[in-house]
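Trainee: Going down the list, the sequences are from chains Y and S. Positions in the first sequence are counted from 1; adding 26 to them yields the working numbering. Positions in the second sequence are counted from 1; adding 494 to them yields the working numbering.
Be a bit skeptical, because a hint or two may be false.
Partner residues are not named here, just some residues of chain S that face chain Y (Cβ under 8 Å, in silico) [as the list claims (entries may be wrong)]:
no., residue
1, Leu524
2, Tyr627
3, Val659
Chain S is nowhere near these chain Y residues, computed Cβ spacing over 12 Å in every case [claimed, not checked]:
no., residue
4, Phe103
5, Met482
6, His681
7, Phe684
Keep in mind the hints are simulated off the structure, nothing from the lab. Backbone N, C-alpha and C define an ideal beta-carbon position, used for all residues, glycine too.
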Amino acid sequence: MTYMQKIYLLIPLLPLLAAVVVGLFGRKLPRFTAHLFTITGVGASFALSVLVFQDVLAGHIYNGAVYTWLTSGHTSFEVGFLIDPLSAMMMVVVTFVSLMVHIYTIGYMHEDPGYSRFFSYISLFTFSMLMLVMSNNFMQLFFGWEAVGLVSYLLIGFWYTRPTAIYANLKAFLVNRVGDFGFLLGIGMVLFFFGSLDYQAVFSVAPQFADMNVEIVPGHSWSLLTVVCLLLFVGAMGKSAQVPLHVWLPDSMEGPTPISALIHAATMVTAGIFMVARMSPLYELSTTALSTVMVIGAITALFMGFLGIIQNDIKRVVAYSTLSQLGYMTVALGASAYSVAIFHLMTHAFFKALLFLAAGSVIMGMHHDQDIRNMGGLRKYMPITWLTSLIGSLALIGTPFLSGFYSKDSIIEAAQMSHIPGSGFAYFAVLAGVFVTAFYSFRMYFLVFHGKSRWMEAKDDHGHGHDDHDHDDAHHHGLGPHDKPHESPWVVTLPLIALAIPSLVIGYLAIEPMLFGHFFSNVIFVDAEAHPTMHELAHHFHGAAAMGLHAFTSLPFLLAASGVALSWFFYMKRPDIPAAIRQRFELVYRILDNKYGFDAFNEKFFAGGSRLIGSKLWQIGDVTIIDGLFVNGTARLIGRVSAIIRHLQSGLIYHYAFAMIIGVFVLLTFFMKK
Amino acid sequence: MNNPIVYDLMAARPEILVLTMAMVILLVDLFLSERHRYVGYVLSQLTLLGSAILTVATHTPGVAYVFNGMFVDDPMADVLKLMMSLATSVVLVYSRSYIATRGMYRGEFFALVLFALLGMMIMVSGSHFLTLYMGLELLSLSMYALVALDRDNPRATEAAMKYFVLGALASGMLLYGMSMIYGATGALELGQVRNALMSGQPDHAVLILGLVFVVAGLAFKIGAVPFQMWVPDVYHGSPTAVTLLIGSVPKFAAFAFFMRLLIQGLEPLGIDWQGMLIIMAVLSISIGNITAIAQTNIKRMLAYSTISHVGFLLFGFLAVGPNGYTSAMFYISAYVLMTLGAFGILLLLSRQGFEAEHLDDLKGLNQRSPWYAFIMLLLMFSMAGVPPTLGFYAKFTVLQAALQAGFVGLVIFAVLMAVIGAFYYLRVVKLMYFDEPIDQTPIKPQADVAFVLSVNGLLVLLIGLMPEWLMELCAYAIAQSIQ
């Protein structure tokens, strides 16, 4: 094992070790050891990832197995690493955000009884996510995929005494089941047709199957690669919360805020994006699949943005913005601009983690009141949170020169350049999305940080949406009229600042090498003839500075600016207008408030239907047939037979001898006759 | 070595050692005071060790017929003799304190055990109707005497009486069957019998008549339904130490007896005895498992469990061929290991004036001794056939062999019956772990018992995880011995 290979192994194993130690012994050890161990683990992991990243930049790519789990026939199931620019970049992003969230958690969770458990979980998550991105085969990818899902489930239900949290984590788990089912079918088809689970082996044989058709329903044949790609994408839809499998993400906000930042914004939910980018050699072979991906992404980007407008829970606003941004990334994937999607994934990881952590800081300052209608004017009380939030929001809406601008504008251009079916709609959606994003982001920003301090006024009920700690029921939530919010401790603000810096500059620095340089040239495969998007994009690109200057005259900038202006007018200048609009367009509001009815439909149709089938199967199959007839029936029967046979054992020797002679007699008659 | 008599004797060195030592112990015992009874025990253990070492040391891969073809020294015999010596040694370790508190710690006990072992060794190496019969009778007579050794105990005496009368009947049947086959083939040596059968000349009706009686005799000795009636009563009535012996080591000999008589001698009649074995296997598995459920006495329960295990063992013989025989041999080795452990636990729980023989005696064992409760848990899981214990693998190989031979329906039936069987094994686990103990006496085994019993229990798990070496040993023994 070479020096580098040992480092590759250490990167995921250190957080795992910390998670195991803290998870098993955390309750017995002093409290500070929980964050000491896990932060050391993930910090070392981050440092090593940077080292690996530099090594990759120097041109060293590694692809190999470290452990063979089992071999069945000609298929071997291995644990292996593929360390190339894509995975190296993901490793740095994941470990960096994770490190920031670890530090932040010290402040956020400091009075929670589940302190060490929480640290154990997030370290375990870091391990799982690293296994996912570092994998060189589908099996390990699936392992990481399920492992992050499991940790996500555990963390959404972290406050397990709250029914809403349990409902939310069950929902996340079930919806992801649907996605994973498709994903597993896709992997199964890959193994069946391509004969391997190893990425390189699959990618090298895939072009030979480009014209192959399969009949899934007799009489209808589909292109094999389309089917495979779509099935894999179903998995991505579950994990990356694309319509209609998005329903779990807003509810996942029931978990503590640090994990909303880490898992449900920056890293885990982007696993689907990462996976599709990783599979670019497959997706490039199926324009149908790309079209589907693009349309789904466009729907998510626009319609989930609308929902952000009417939310009043600070975390939910950010959650819907995450959904919308994931839609943007998916659109980029569909446009064959995989590197753009990954680019946006990276910038989004920074500014969205920042926004979530800032929201968490606000929640702490507001004493666990999450309703933005009770906030206002926090700028004075929480200056660092205010400034970093502003940076995050500006980055999110695509202010020129900030990180979000470069990635988002590239996506919009990519959608414009793309010529596959559905690209027209996608272009419209992402363009309109810019306005929507700017509107809801700044609606929240203005309501939270500017205007009157509304918590001083008489308060209405705030019975829902508390990111609270379940240990002290006497703890009152929200601020009284005479309380003042306070800025958070340094362990909270330090990560905010550390995340604000890349949110400002990373786009400017990284756009050229990532999108138009050779950074991804051997990793992401684009069929330049069939899908020339990137080619045309490069044609229009004249450097990051020029792009930023040019933006001031472009349509997206105008849309964003008008979105900000309108939200200022509505929520700062004339707060009566939104209320009037809401009354005038009652129906639209109702539709949005019901989230287009996805939840109600799922609840009625899928959940209700499953329960109906389940209860019927239970009553007829379980209670009557299996329990009644088979289990209890046979048990009763055997019990009776047993009691009868027992009496044959009379204890009398002549009975025994008689039985033997009868036995011989029967055998004789039976076999002599033959 | 050129002298043929010396050559013959060399092949039987382990037997000669056991015979000599059995007589030495009888004589030495006459001169021992009560305080020095342990000398007999030590001598017996040394004998068993010596016999094991001799067996290994004189092992050669080939097959050698000696004493004019009456005695055979082949790898199967060597492997089985080694296992029997070791198993007998374990029996003595477990039994020592039990027999010491019941006035059986005497030369007779050890001499009888060694004579029984000698009988089994002869059965294992017999290649002639007469040697086989002689070995069987030596074993049986020693056993009758052992059961009755505690002669003031009416239950033991009754059991011995039943065992003796029914055993005599079975021996008579066996002998009668052998004489019929001799009449038809004119041969007593297994190889010659086989050749005569292959020639196709003997009268088939006479052969079948003989075969039925032979099979009945065999079935009695191994305890297959409908010749199993003695098993529960004898298991129940005997002192537990003797039950341990009856239940374990002789099964090796019975396996060899089947191999010698049915496979090496009467294989040409395979189609006929296969049918008989099917009937007995099905009956044994079902009656054994179902009746065991109704038992409250754990010795009786284990007796019925033995009957059902015999049914599984017979499945191995159904799959005619090395695969089936290997699986049967593996099964019998697994069975003996599990039985030793289970009765070992019962002996551990017994003490002066108290017989642990009711299921209730196991209640709350976990609170009294978590370690031995765990060992018993392993043993019960193994008997029930729960992976990854040895018992699972044993059942699996036997059923796999039967499946390959095409007995799909029978295999399904056997699996269903194994599910029923799991009930009474798991009930023991439930009693140990979830019930309150009735008896709070602390469990303090001697060091050797503690060690051997722990190794015994853990082996059930370890071999279950790594069954290859035992499987290879059995495969080697069968492949080298059966042509």
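Trainee: Each hint should be assessed against the structure and marked as holding or not.
Mentor: The hints, checked one at a time:
1. Leu524: violated, 35 Å
2. Tyr627: Check failed: Cβ of S/Tyr627 comes no nearer than 18 Å to chain Y, outside 8 Å.
3. Val659: Result: holds, 6 Å to nearest chain Y Cβ.
4. Phe103: holds, 20 Å
5. Met482: Non-interface label stands for Y/Met482: nearest chain S Cβ at 61 Å, farther than 12 Å.
6. His681: Incorrect as stated: the minimum Cβ-Cβ distance to chain S is 7 Å, not above 12 Å.
7. Phe684: violated, 9 Å
Taken one by one, the earlier hints fail for this structure at numbers 1, 2, 6 and 7, listed in ascending order.
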